[in-house]
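So the protein sequences, as listed, match chains A and B. Note that the working numbering numbers the first sequence so that position 223 is 223, with each residue one more than the last. Each number in the working numbering corresponds to the 1-based position in the second sequence with 354 added.
Please note that the accuracy of each hint is not assured.
Unchecked claim - Partner residues aside, some chain A positions facing chain B, computed with beta carbon under 10 angstroms:
| id | residue |
| --- | --- |
| 1 | 198 |
| 2 | 205 |
| 3 | 212 |
| 4 | 213 |
| 5 | 214 |
| 6 | 217 |
| 7 | 218 |
| 8 | 221 |
Said to hold, decoys possible - So the derived label-pair ranges between C-beta atoms look like this:
| id | chain 1 | residue 1 | chain 2 | residue 2 | range |
| --- | --- | --- | --- | --- | --- |
| 9 | A | 323 | B | 480 | 34 to 44 angstroms |
| 10 | B | 477 | A | 157 | 51 to 61 angstroms |
| 11 | A | 209 | B | 377 | 26 to 36 angstroms |
| 12 | B | 498 | A | 101 | 56 to 66 angstroms |
No wet-lab data here; the hints were simulated from the structure. Where is the CB? At the ideal position from N, CA and C, for every residue including glycine.
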Amino acid sequence: MEPKSPLGHMVREVWPLIILSVGLLLVVVVIQSFGDRIVSQSLTEGLIRLVVVIGLYIFIGNSGLISFGHIGFMMIGAYATAWQTMDPMTKDIFIPGLPAYLLANSHHWLIATIIGGLIAAIAACISGLAMMRLSGIAASIGTFALFMSFYSLYLQWSTWTAGQSSLVGIPVTTTPWVAFWFCIVAMIGAFVYSRSKFGLALRASREDEVAAKAAGVNVTGERVISFTLSAFFVGMAGGLYGHFLGLLTVDTFYLPMTFITLSMLVVGGMQSLSGAVVGTIVLSFVIELLRKAEKGFSLGETSISLPASSAEVGLGIILLLILIFRPSGFTRNSEIYWPFKPKVAVTEVTHRQS
Amino acid sequence: MVQQGGDSSSTLEVRDVTIRFEGLTAIDQVNETVTPGEILGLIGPNGAGKTTLVNTMTGFQEPTVGDVLLDGTSVRKVNAHQLRRMGVSRTFQAGRLFREMSVVENVEVAGVGMGLRRAAAHKEATKLLDWIGLSDRANVLAGALPYTDERRVGIARALIQSPKFMLLDEPAAGMSDLECDDLMKLVQRVRDEFGCGIVLIEHNMRVVMGVCERIHVLDSGRTIARGTPGEVQKNPAVIEAYLGKG
Chain A
1 MEPKSPLGHM VREVWPLIIL SVGLLLVVVV IQSFGDRIVS QSLTEGLIRL
51 VVVIGLYIFI GNSGLISFGH IGFMMIGAYA TAWQTMDPMT KDIFIPGLPA
101 YLLANSHHWL IATIIGGLIA AIAACISGLA MMRLSGIAAS IGTFALFMSF
151 YSLYLQWSTW TAGQSSLVGI PVTTTPWVAF WFCIVAMIGA FVYSRSKFGL
201 ALRASREDEV AAKAAGVNVT GERVISFTLS AFFVGMAGGL YGHFLGLLTV
251 DTFYLPMTFI TLSMLVVGGM QSLSGAVVGT IVLSFVIELL RKAEKGFSLG
301 ETSISLPASS AEVGLGIILL LILIFRPSGF TRNSEIYWPF KPKVAVTEVT
351 HRQS
Chain B
355 MVQQGGDSSS TLEVRDVTIR FEGLTAIDQV NETVTPGEIL GLIGPNGAGK
405 TTLVNTMTGF QEPTVGDVLL DGTSVRKVNA HQLRRMGVSR TFQAGRLFRE
455 MSVVENVEVA GVGMGLRRAA AHKEATKLLD WIGLSDRANV LAGALPYTDE
505 RRVGIARALI QSPKFMLLDE PAAGMSDLEC DDLMKLVQRV RDEFGCGIVL
555 IEHNMRVVMG VCERIHVLDS GRTIARGTPG EVQKNPAVIE AYLGKG
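Could you build the full structure based on these sequences and the hints that come with them?
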């Protein structure tokens with residue numbers, strides 16, 4: 001049954017967005033209420049990862065192509081943001097290779113983060129124009145090759161990145177609430193994109209590339225748009241991450257980060273925004289618990305601790321189990337259902353599409 | 355909804371087209387011109403090169419030799435999606451619907467691909483589904499459709515924004531006689547109401563002889579006969595290569 005009022009209709013249209021935002025808000029409020037500094041830090045880290053996973057969803061979910069390269073864009077965003085916010089004196093010492101303007105000036109962290117995201121987006125757009133002609137596994141390997149090139153480049157580019165050592169002195173500005181608002185913005189961006197004509201056209205190419213071309217869809221062009229938009233959010237998440245840690249190393253943006261974020265998307269359900277959010281929240285809790293267990297906890301008189309790297313192993317096992325038993329993830333690639341007055345055929349379809 | 359998309363001066367032409375795949379000649383010096391408002395049958399035994407020729411005419415396959423022309427201008431280097439926007443559309447043998455999307459979205463994609471905004475594409479798609487008799491299925495997942503409806507959705511997808519030419523790849527495959535009759539009526543309605551030129555690949559001789567004004571017969575990539583259904587049926591080369599076996 002269709003809601004009668006225009007407001008009711010609008011609420012229904014954006015229902016998954018509302019329920020995800022409220023759910024995330026509750027998670028943040030509850031965790032913040034513990035008042036524990038360490039827990040609050042894990043929360044911030046989890047929320048930043050959520051921005052990355054939502055960014056991944058924008059590209060992977062709609063295009064059906066797996067990207068192993070997005071953490072490279074996170075790195076680009078992270079360094080580009082730090083170049084703008086660090087104190088000019090510090091920059092002179094650690095990264096004297098920066099252009100004169102950056103060496104002499106600083107931007108507010110919010111402006112810097114947005115510019116950082118834009119720079120990551122530009123990098124994605126240029127590389128995407130070359131790479132997005134590829135399909136399937138070739139495209140995935142292409143993104144991985146790109147990732148390795150960025151990683152090696154940043155490792156060697158020491159006058160801009162401090163190379164093998166850490167870039168320290170980045171102002172710590174990312175609080176849980178800052179990260180939360182970025183999650184909300186990323187969710188709105190992902191939702192609006194996937195409902196737009198661009199998202200629709202790209203999903204068609206995911207279903208059948210040849211038929212999409214026959215329907216007039218410029219498949220390469222649509223992929224580049226999506227790749228660029230997703231890199232924008234992932235790049236901003238990089239900016240947030242640098243300003244959460246207060247320091248940057250190139251190694252932060254390597255395979256473990258790639259593995260964790262991709263696992264979250266796959267476990268949640270690659271083809272829905274709800275999957276990205278649910279997967280990130282669930283796996284973040286699992287990782288935190290396993291990390292706690294690695295450090296050890298006591299049961300009465302005996303203290304038990306899991307071996308180091310249990311979190312990574314646990315994550316791998318969960319990912320494998322999901323791939324085997326529920327390849328469409330926790331959410332079965334659907335958005336969260338409109339719970340009122342269900343009308344089977346309509347709900348099924350309108351909410352299946354991401 | 356009567357739309358006269360066909361412009362009578364328009365033509366879709368293949369000129370001396372040869373296509374080779376790693377030495378194998380799939381199409382050998384074929385010529386054909388289609389004009390709006392006509393229904394051309396493209397027939398031939400399996401492996402004759404019919405689908406390859408359709409791929410060439412719709413931008414999916416560049417000819418090795420020869421040229422494809424739309425309204426006299428070469429389009430051999432034009433991409434499939436661009437050619438669709440220029441008014442050459444097609445359907446596929448296997449249907450190739452976007453299975454995880456609803457029926458109306460399947461058609462909407464083509465509207466969006468043609469440059470419409472999403473709301474306008476949705477409106478056009480809904481009108482078209484109504485015209486083709488599938489409005490009650492609009493919100494069903496395309497993957498759940500029976501194959502007769504699948505073909506209709508494929509045709510609706512190819513019809514949005516009134517193409518000048520539409521190429522149908524075996525739309526009647528697997529259909530019963532009754533279903534074939536419906537399909538033949540639909541093809542004629544498309545021609546009459548949209549005014550586009552239609553190329554029909556079909557094995558079912560009842561359908562081909564029933565709706566086509568002209569027939570082009572391929573065998574092993576070569577043209578062996580061209581003419582009206584009556585002429586083609588009497589042609590000894592055709593009888594030997596194709597009809598004789600049936």
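Status of each hint after checking the structure:
1. 198: At about 8 angstroms, which falls below the 10 angstroms cut-off, the nearest Cβ of chain B leaves the hint on residue 198 of chain A intact, so it holds.
2. 205: OK, holds: residue 205 of chain A within 10 angstroms of chain B, min 9 angstroms.
3. 212: holds (7 angstroms)
4. 213: Holds, because the Cβ-Cβ distance from residue 213 of chain A to chain B comes to roughly 4 angstroms (cut-off 10 angstroms).
5. 214: Where the cut-off is 10 angstroms and the nearest Cβ of chain B is about 5 angstroms from residue 214 of chain A, the hint holds.
6. 217: Given a least distance of 4 angstroms, the restraint on residue 217 of chain A holds.
7. 218: holds (5 angstroms)
8. 221: Holds, because the Cβ-Cβ distance from residue 221 of chain A to chain B comes to roughly 9 angstroms (cut-off 10 angstroms).
9. A:323 x B:480: 34 to 44 angstroms: holds (39 angstroms)
10. B:477 x A:157: 51 to 61 angstroms: holds (52 angstroms)
11. A:209 x B:377: 26 to 36 angstroms: holds (27 angstroms)
12. B:498 x A:101: 56 to 66 angstroms: holds (59 angstroms)
When each numbered hint is compared with the structure, no violation occurs for any of them.
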